[in-house]
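Heads up: the protein sequence lines correspond to chains C and R, in order. Under the working numbering, the first sequence has 96 at position 112, and the numbering climbs by one with no breaks. Add 763 to the 1-based position in the second sequence for the working numbering, that's all there is to it.
One or more hints might be untrue.
List of simulated lysine-lysine pairs, DSS-like, C-alpha gap at most 30 Å [unchecked claim]:
hint, chain 1, residue 1, chain 2, residue 2
1, C, Lys59, R, Lys781
2, C, Lys59, C, Lys9
3, C, Lys9, R, Lys881
4, R, Lys781, R, Lys806
5, C, Lys59, R, Lys881
6, R, Lys806, R, Lys796
7, R, Lys796, R, Lys781
Everything labelled a hint here was simulated from the structure, so no lab data went into it.
Chain residues, written in single-letter form:
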Amino acid sequence: MTSAKPHGPGVRRTPTNASMLDAWKEGRLLIQHCADCGSTFFYPRSACPSCWSENIVARADDGSGEIVSFSLVHKGLPDIFLPDAPIVLAEIRLDSGALLIARVATGRQRDVAIGDRLALVDAQSAPDFALPTFRREIER
Amino acid sequence: MPSSRAGIIGYGSSAYHKAAERTEQSYMVMAAKAALASAGLTKSDIDGIVVSSTTLPPDNAVTLAEYLGISITWASVSNAGGAGALVNVADAIAAVEAGRATHVLCLAGAAQDVNFFKDRINRFTSAVSDYLAPHGFGGMNGLFGMVQRKHMQVYGTTRAQLGRIAVDQRANARLNPAALLRGPMTIDDYLNAAPIAEPLHLFDCVMPCSGAEAILVGPLDRVPEGVGVAVKAFAERHNHPVGEVTPLRGGWELFRDTFWDSAGFGPNDTDFVQAYDDYPIMVAIQLEDMGFCPKGEIGRFLERMSLRHDGDLPLNTGGGQLSCGQTGGGGGMIGITEAVRQLRGEGGDRQVQNAERGTVIGYGMVSYGHGLSASALALEVAQ
Chain C
-15 MTSAKPHGPG VRRTPTNASM LDAWKEGRLL IQHCADCGST FFYPRSACPS
35 CWSENIVARA DDGSGEIVSF SLVHKGLPDI FLPDAPIVLA EIRLDSGALL
85 IARVATGRQR DVAIGDRLAL VDAQSAPDFA LPTFRREIER
Chain R
764 MPSSRAGIIG YGSSAYHKAA ERTEQSYMVM AAKAALASAG LTKSDIDGIV
814 VSSTTLPPDN AVTLAEYLGI SITWASVSNA GGAGALVNVA DAIAAVEAGR
864 ATHVLCLAGA AQDVNFFKDR INRFTSAVSD YLAPHGFGGM NGLFGMVQRK
914 HMQVYGTTRA QLGRIAVDQR ANARLNPAAL LRGPMTIDDY LNAAPIAEPL
964 HLFDCVMPCS GAEAILVGPL DRVPEGVGVA VKAFAERHNH PVGEVTPLRG
1014 GWELFRDTFW DSAGFGPNDT DFVQAYDDYP IMVAIQLEDM GFCPKGEIGR
1064 FLERMSLRHD GDLPLNTGGG QLSCGQTGGG GGMIGITEAV RQLRGEGGDR
1114 QVQNAERGTV IGYGMVSYGH GLSASALALE VAQ
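With the sequences and hints as input, model every part of the structure.
This is the structure:
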């Protein structure tokens, strides 16, 4: 499996997403939960989109989940991503409940299917990806 | 919102170019001149401007007044992306009826090419910039590939079924001298095109280009018979459904029933549809949500329908964005100008026979996974 090099389009660091970005550098996924209503959501927000509570807790998430849908992206990629094309861009439902869009890093793009079980990429390769990135469990 | 006093009295389109040969404002001037001419009005009649463009900032409707050398009493901008031009027209009618302006120039367009768009798309919204672009997401194509794959999985929709939209729109475009993409296209051409963001292939994706569209809104009773087009219904809805990432439905499903009630006609007796065609799958979802067929049955619906200008359900009769090109925010207005052209009987070789009622559907403002904005306009030849 090849991986994206750093220096693609970056993430603007804000007070809202800083803890998520810092954790990801170590390969850990933090997902926001509302301590008042229990909602789980992504992307990071300062207030719960369900109840507007600002009592938000960033919880460690092991990244277990599955592919809801995906694209195999061949074109329109920044040059830095071209060696990995087609990249797998997926809608992912985490077992913890959050829905997010993220990349599934794989060299076997043609084998990817809706319903595939996912896990986070290994911690040592996490710094190669600007945002939390997944891999198929079957490729472990 | 339906109004018998104010309506659409002029329309115009600039030339379209694959790469910018003019500035955005310059394309808007071309479209505005055509709109004034079609209404029999002059520049000094305009006292309102509303604009729909994601590339115009930091300029806006007021700086357009400066550029155009006119003093205006009402100025507004859209924040609904490709759904915004329809909102602009509805707002312009409301402004005229409220006495805030007499003749409002509605503008939309862009000066861009494919490479400009590829860069810009990474900064489309904060959520796109921060949480999609860093993945190398492939722009809107990457997102709508996910939407289409989900529709195929959930409802059994096939690429061959969706191809009907691109192929029939191309047939319409071949009768439109202004369309940028006029080469013949068969369903095999569609199916065998290069992959872009699978399941999307080349002919599923709009080509960003340069140009502008203009609509002129004003009192219907001051224009000659046959020139005015009445707005019978308008609706907008933003951020529905809440909290989904790649939904197979949008705000249309919430306003469809009241919209058709207000229009006084429905999906079975509209003479044509101009839908927002950034991708065939989104045309399909709009047709479902607006009630042209039940949810999930668009595939079979498309198998039995001709969408050509002389077919069962004339769709995007000038070729739409898929064949004309997408002029940024102008992609949200091309359906309105084409609808007005048709209702005035000025469709040339692609004229829909006896066109009296038309439907325009808007969609846009893509953010974290899908377009947030839905809109629709029901139009009728003014009596």
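Hint numbers the structure violates, sorted upward?
Checked against the structure, no hint fails, so every one of them is satisfied.
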